[in-house]
Each structure stands twice: as C-alpha cells, then as structure tokens.
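Produce the entire structure from the sequences given, and follow the hints as far as they go.
Chains as they are written, first to last, in the working numbering: chain A, 1 to 297; chain B, 1 to 432.
No lab work stands behind these hints: they were computed from the structure. All of these numbers come straight from a predicted model, not from anything done at the bench. Careful, some of the hints might be misleading.
[What the hints assert, rightly or not] These stretches of chain A come out as covered by chain B in the derived footprint (C-beta under 8 Å, 3 or more residues): (1) 42-55; (2) 120-132; (3) 166-178; (4) 249-257.
[To be verified] One side only, chain B facing chain A, incomplete, derived with CB under 8 Å: (5) Ser-97; (6) Gly-194; (7) Gly-247; (8) Asn-396; (9) Gln-403; (10) Asp-409; (11) Thr-411.
All residues carry an ideal CB built from backbone N, CA and C; glycine is no exception.
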Amino acid sequence: MKRKFLSPPVLLLLPAIIIIAAVVLVPLLLSLYTSFTPFKLTRPDTLYRWIGVRNYARLFEDYYFWAAFLRTFVVLTIALNLEMLLGLGLALLVNKATMGQRALRTIMMFPMMFSPILVGFQFKFLFNDTVGLVNNALQSMGMERVIPWLVDEHLALFSILSAEIWSSTSVFAILILAGLMAIPRDPLEAAKVDGCTAWQTFRHITLPYLMPFMFIAMTIRSLDIARAYDIVQIMTAGGPARRTELLWTMISRSGYVDANMGLANAMAYISILLSIFFTFYFFRKLMAARRYMGGAQ
Amino acid sequence: MSAVILFGAGTAAQAKDEVMGDFSGVTLKAKFIGGNQYEPLYSRITDWEKATGGKVEIISKKSHFEIDKEIKSDIAAGSTDWCVGYNHVSFAPQYTSLYTDLKPYIPQDTLDKFSPALIDAATINGELQMLPRAQFDVSALYYRKSLYADPAKQKAFKEKYGYDLTPPETFDQFKDQAIFFADPPNFYGTQYAGKEEAVVGRFYELLVANGGQMFDEDWKPTFNSEAGQQALQWFVDLYKAKAVPPGVLSYVWDDLGSGFASGSVALDLDWPGWAGYFNDPKQSKIAGDVGVVVQPKGSSGKRTGWSGMHGFSMTKDCDQKEAAASLIWFLTNHDSQLFEASKGPLPTRTQVWDDLIAQVKESGDGYRAEVLSAFQEASKHAFAVPKFPEWVESTNLIYPELQAAIVGDKTAKQALDEAAQRVGDMMADYGY
Chain A
1 MKRKFLSPPV
11 LLLLPAIIII
21 AAVVLVPLLL
31 SLYTSFTPFK
41 LTRPDTLYRW
51 IGVRNYARLF
61 EDYYFWAAFL
71 RTFVVLTIAL
81 NLEMLLGLGL
91 ALLVNKATMG
101 QRALRTIMMF
111 PMMFSPILVG
121 FQFKFLFNDT
131 VGLVNNALQS
141 MGMERVIPWL
151 VDEHLALFSI
161 LSAEIWSSTS
171 VFAILILAGL
181 MAIPRDPLEA
191 AKVDGCTAWQ
201 TFRHITLPYL
211 MPFMFIAMTI
221 RSLDIARAYD
231 IVQIMTAGGP
241 ARRTELLWTM
251 ISRSGYVDAN
261 MGLANAMAYI
271 SILLSIFFTF
281 YFFRKLMAAR
291 RYMGGAQ
Chain B
1 MSAVILFGAG
11 TAAQAKDEVM
21 GDFSGVTLKA
31 KFIGGNQYEP
41 LYSRITDWEK
51 ATGGKVEIIS
61 KKSHFEIDKE
71 IKSDIAAGST
81 DWCVGYNHVS
91 FAPQYTSLYT
101 DLKPYIPQDT
111 LDKFSPALID
121 AATINGELQM
131 LPRAQFDVSA
141 LYYRKSLYAD
151 PAKQKAFKEK
161 YGYDLTPPET
171 FDQFKDQAIF
181 FADPPNFYGT
191 QYAGKEEAVV
201 GRFYELLVAN
211 GGQMFDEDWK
221 PTFNSEAGQQ
231 ALQWFVDLYK
241 AKAVPPGVLS
251 YVWDDLGSGF
261 ASGSVALDLD
271 WPGWAGYFND
281 PKQSKIAGDV
291 GVVVQPKGSS
301 GKRTGWSGMH
311 GFSMTKDCDQ
321 KEAAASLIWF
331 LTNHDSQLFE
341 ASKGPLPTRT
351 QVWDDLIAQV
361 KESGDGYRAE
371 VLSAFQEASK
381 HAFAVPKFPE
391 WVESTNLIYP
401 ELQAAIVGDK
411 TAKQALDEAA
421 QRVGDMMADY
431 GY
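This is the structure in structure tokens:
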C-alpha cells in the first residue's frame with residue numbers, strides 16, 4: 001500500500017495553516033526582520049541593510065521610550081483597576097434591579113458602541129479649555145479660572161483615562177453581570193441561614209465566584225489598553241511635552257509619520273513584552289481563581 | 001514629443017490653452033488630497049477629459065497626513081504605477097524617489113508665469129518636483145477692528161506702553177498687545193498652534209524673522225542660537241502671561257480658526273483659507289469686525305513668512321507621461337487657478353493675482369480686497385521649509401522640546417539645546 005504524503009488530519013488542517021501563515025506568521029516574521037534593519041518607508045532599499053540589534057540597543061538607551069513604556073504601564077494599571085471597580089459596582093446595581101434589567105443592560109453597553117476615535121473627539125471637546133463643557137459647567141458654578149485639562153501634567157492623563165474608562169467600563173460590567181447571574185443560589189442561602197452579613201457573603205461567596213470573570217475581562221482589556229492609540233492620539237497626540245506619550249502613539253509616529261518602520265517595529269516588539277506580562281499574569285490569576293472554585297486543575 | 005500643446009501668455013492665448021493634445025483611450029490614475037478646500041478644483045477634470053479624450057481615475061482622495069502615509073506605503077511596497085499625485089513642499093523632499101522631474105514636460109514659458117520663488121521651492125536637487133496649484137499658504141495677521149477703534153483701550157494702551165494702539169508691526173508689539181487685550185478666562189490676546197509640525201513652523205518663522213536659521217550650510221542644527229531662544233521665549237512669555245488659552249498646546253489649525261471665529265481672541269496669525277469663514281455671519285461671531293494686515297517683523301527687521309503650497313506631481317513609473325503632464329498643467333493653469341482662488345486660497349501664478357484683485361475690486365467686496373492685498377504683501381516674505389527629506393521627522397524631535405519650554409519644564413535654552421542635540425544625532429545617522 002502506498003504511503004500518503006500527508007495524513008488526513010494534516011491535509012484537512014492545511015487550508016487553515018496556510019491562511020494563518022499568510023495573514024499572521026509571514027507579517028510577524030517580516031516585521032521582526034525589519035526591526036533588525038534601518039527600514040525607512042521612503043527608502044525601500046534600506047529593507048535589505050542588516051544592522052543587527054542596533055535599533056534595540058538605541059531604544060534601551062532612549063529615556064523617552066522607557067518613559068512612555070512606564071507611562072503605558074501606569075495607565076494600564078490605573079485604568080484596569082478603576083474599570084474593574086466601577087464595572088463591579090455597576091453590575092451589582094443592575095443585578096439588584098427588579099424591573100427593566102434588560103433595558104439597563106442595553107443602556108450600560110452604549111459606550112462600547114462608539115468607535116474609539118469618536119470617543120476621543122467627544123472627550124477632547126468636553127475637556128477643551130475654552131469651549132469645553134467641563135470648564136463651562138465649572139465656571140457657571142463660580143470657578144473663575146480655566147483648567148487646562150489636556151495640557152496639565154496630571155490632568156492630561158486623567159482626561160485620557162476618563163475617556164478610556166467611560167468607553168470600556170461596560171466590558172467589565174457585562175462580564176461580571178454574567179458571573180453574578182451564574183452564581184448558584186444554594187451557597188448564598190446557606191450563608192443567610194448561617195447569619196452572615198451582606199459584606200461577609202459578598203467577600204467569601206460572591207467575589208470568589210466572580211473572580212474568573214474579572215480576570216477574563218482584565219486579560220481582554222489589558223491587551224486593549226497596552227495598544228491604546230486612537231483616544232490618546234485624538235485627545236493629545238502624546239503631548240504636550242510628551243506628558244501623555246504612550247507606546248503606540250510613539251510607535252505610530254515613528255513608523256508612519258517619520259517613516260522609520262524598522263525602529264517602530266523594534267519598539268513594537270519591546271512593547272509586546274508588556275502585553276505578554278499582563279496576559280501571563282492574569283491567566284495565572286484566572287487559573288488560581290478557577291482552582292479555588294474547584295474548576296481547572 | 002510634445003503632444004502636450006502648452007500656451008501661456010496672457011489673455012490672447014487663453015483660447016489656445018484649451019487645446020492640449022489627443023489622449024483618447026488613455027486613463028490616468030491619480031491620488032489627490034481630499035477635503036472641502038481642495039475638491040472643487042477636481043470638478044474641472046471633466047473639462048480636461050472632454051478636451052483631450054483622456055480619462056482620469058481618482059484612486060485615492062484623503063486628508064493631508066493620510067495621503068502622505070499612503071504615498072509612503074506605496075513607495076515602500078513599490079506600487080507606484082499610478083500617474084498623477086498630490087504633493088506639498090513640506091513632504092516633497094521625501095518623495096524624490098517617486099516623482100519625476102517635470103521640466104522636460106512643461107515648457108519654460110509656462111513656468112515663467114508662476115512666482116519664481118515658488119518654482120524654486122518646488123525644485124529639489126535641480127528637479128521640478130511639482131507644479132503648484134492655487135493652494136499657496138502664508139500667514140497674515142487677523143485682528144478685531146473694534147478693539148483697536150475703542151478710545152478707552154487706545155488711551156489705556158498708550159499710557160501703559162507709550163505708543164499708539166494700532167495693529168502690530170513687530171513681534172514685540174504683537175506680544176504687548178496680546179497681553180494687553182487678554183482677560184482670561186473670557187478673552188485672550190492671541191493663540192498659536194501648539195503641537196507637531198504646526199508649532200515648529202511658527203517657531204521657524206519667528207527664528208528667521210529674528211535673523212536665525214534652522215540649519216547651517218552643512219545641515220548642522222543652529223536653531224538653538226540666540227535668535228532661536230528669543231523666538232521660543234516669545235511663545236513662553238505669552239503662555240506665562242495667560243495671554244493665550246491654557247490649552248493652546250493641544251491646538252492645531254482648526255482649533256485656532258474656530259477660536260478666533262468664536263470672538264474670544266484679539267489677534268490671530270493665520271492662513272488665508274480662513275478669511276471667508278471669519279467674515280461669514282453664519283459661522284463666525286466676529287463677521288464684519290475682522291481686519292487683516294501683513295505679518296509682523298522680527299528683531300532683525302525681517303518679516304516672518306513660513307509658507308507651504310500644494311501641487312501636482314508625476315510618478316517616474318507613469319506610462320502615460322505626456323497625458324499626465326497635460327493634466328497637471330491643466331489643473332494649475334490660469335483658469336484653474338482663478339477658479340480655485342476665487343473660493344479663498346491664494347494663487348501661485350502672478351497674472352492670476354492681478355486678475356483676482358481686479359475681479360474683487362469690480363465686485364465691490366471691500367473685505368476681500370483688504371484680505372487679498374494683505375496676503376499679496378505677506379507672500380513677498382514667504383519662505384519654504386528647509387529642503388531635506390527628514391524635515392517632518394526633525395519637527396517630531398523638536399516640538400516636544402518647544403512644548404517643554406512653554407509649559408515651564410525647561411528653559412528655552414535647555415529645550416533648544418536638547419532638540420538640537422537630538423536632531424543633530426538624527427542627521428548624523430542619515431549621513432549629513
């Protein structure tokens with residue numbers, strides 16, 4: 001009997017493998033290769049000049065790159081925690097509603113329906129120093145000065161965080177609400193019979209049940225925030241004086257405006273470390289939470 | 001060669017201008033800048049198609065920075081077989097590998113009808129990289145007439161500064177008056193674009209007006225000179241004195257236009273494209289109260305005049321170069337420029353300036369006549385950005401440092417020294 005060149009499972013998977021290789025693997029390898037070249041979009045011949053780790057070495061010495069890296073880390077940490085707390089609060093409130101819960105769930109999802117670019121424009125207008133709604137509202141309440149929301153060292157990041165949190169808290173709220181709805185009634189009723197307070201019930205029964213849902217939301221959102229670009233670019237473009245510069249505003253400016261694609265790809269590969277770190281961390285937490293609940297082994 | 005039959009010389013030749021050769025069966029692919037200000041001209045393409053039998057297929061029409069990104073990606077990917085493309089003096093040095101020299105295709109007679117300085121700005125390494133359309137930009141100073149006509153303000157100003165309150169002749173007077181008029185948070189003396197190439201451009205023109213230069217002859221950065229520090233200090237002083245809105249560092253052109261039109265700003269050094277908008281009662285609170293004068297002088301006695309202009313170029317890979325040259329000529333000819341300039345932008349052909357002013361005088365539009373004469377004077381002081389491919393990249397290294405000085409994180413000297421160091425390193429990398 002003739003031996004087949006490819007086994008049936010491999011043959012059946014081949015189209016998927018080819019497609020994944022074409023749309024994921026090849027661009028990934030090409031971008032990795034370009035990070036070892038001085039590739040400039042407007043000088044295609046630079047694609048073939050190998051300069052080893054020079055782009056990476058330069059970035060390791062670049063104070064502004066690491067400042068953007070650290071800033072992205074801080075923004076990520078603050079946004080994730082606040083979104084989680086607010087999402088948890090929202091989900092608990094909506095879960096308590098006895099009437100119109102479906103309508104509330106739909107309303108809660110409204111911010112997710114806006115494109116990040118539109119959210120950026122919306123919040124840029126809200127926080128505009130002269131014609132913005134926030135300053136106008138504060139002035140009508142008696143404030144006699146103008147707050148430069150998009151310029152001030154701390155307020156600029158706060159303004160960006162507000163936009164991020166407004167648009168994405170519902171991701172947490174929806175997932176946590178799904179968790180709340182899936183909690184079995186027996187342990188809750190047993191706690192009531194045993195005389196537990198509302199806090200004790202929440203702390204020892206509800207919260208552990210919700211943790212896997214929270215960690216799934218955190219994993220998804222950590223990837224989102226680590227590549228935050230649209231809202232920041234629209235609201236401040238990383239400025240002023242690099243005060244709101246995050247990794248992806250820096251990478252996109254280097255790659256597309258300055259046409260330094262080789263350097264931009266090197267930045268992107270370093271920045272991926274951040275995403276890998278958070279994903280790995282949250283997955284470990286997720287596994288631990290599921291083990292605690294008797295799920296994953 | 002010349003299937004492209006080009007004529008020029010004034011009105012006598014206008015009729016012949018319509019004959020441009022037979023390009024039946026030819027389809028030209030084109031990439032243009034899009035947007036309200038730029039698109040009316042493209043309606044004239046059907047006239048070119050009727051006259052020549054050729055066809056134009058616009059394969060891309062995007063905003064300034066988006067079309068720039070697309071063109072750069074095309075260069076990288078080698079997909080440059082389209083024929084006619086967008087160009088701008090700030091970006092042109094980056095596109096020299098893409099676009100061809102137009103001189104062999106455009107007769108000298110035609111080139112002589114453009115302002116020589118603008119043809120010079122469009123020429124890089126001896127090659128004419130684009131033919132300018134009527135989208136020439138230089139700034140003049142818009143001001144609120146009523147503020148200057150107010151006797152109480154005139155008196156108070158004279159007492160405080162010792163000279164008459166008239167629209168500023170110098171940047172020092174500009175600063176005095178901006179600080180004098182400011183009444184934050186309700187009213188500001190002036191404003192400026194505070195980020196990206198926009199703030200570097202404004203800094204550049206002040207630097208030149210103060211007698212400085214961005215680079216020396218060997219392309220070493222020299223903008224951290226005395227003149228540069230003085231230029232940057234102007235922005236810092238206005239910001240510190242709260243004579244500009246506190247969010248000014250997040251502003252670019254649209255924010256400035258809407259800010260001045262909202263009636264909350266006294267003086268606005270701005271582009272010609274806003275003139276109609278500022279005086280339109282449907283869109284502007286200051287309609288009827290707008291004056292325009294030539295840009296102020298710097299400490300060297302020279303007026304400022306950072307300018308830019310848009311144009312059309314032809315790719316090296318285009319296989320229908322004569323037809324492409326014909327289309328480029330058509331879109332920049334006398335009639336096209338008059339058509340485009342009658343809607344607001346400034347022409348780049350000298351004859352069109354005169355015809356436009358005559359047209360406006362005949363219509364009795366006093367405001368438009370004032371605008372045109374101010375901008376005609378302003379255009380005499382125009383200068384383009386330094387012609388090297390990394391100009392935009394250098395601005396991305398400079399502007400965060402300018403901002404750092406303006407918000408007080410660094411002194412003007414520290415900021416400019418740091419910027420010069422970074423730009424110098426970049427230039428060294430590119431072999432300058």
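(request) Output the numbers, in ascending order, of every earlier hint that fails for this structure. (result) Structure breaks hints 3, 11.
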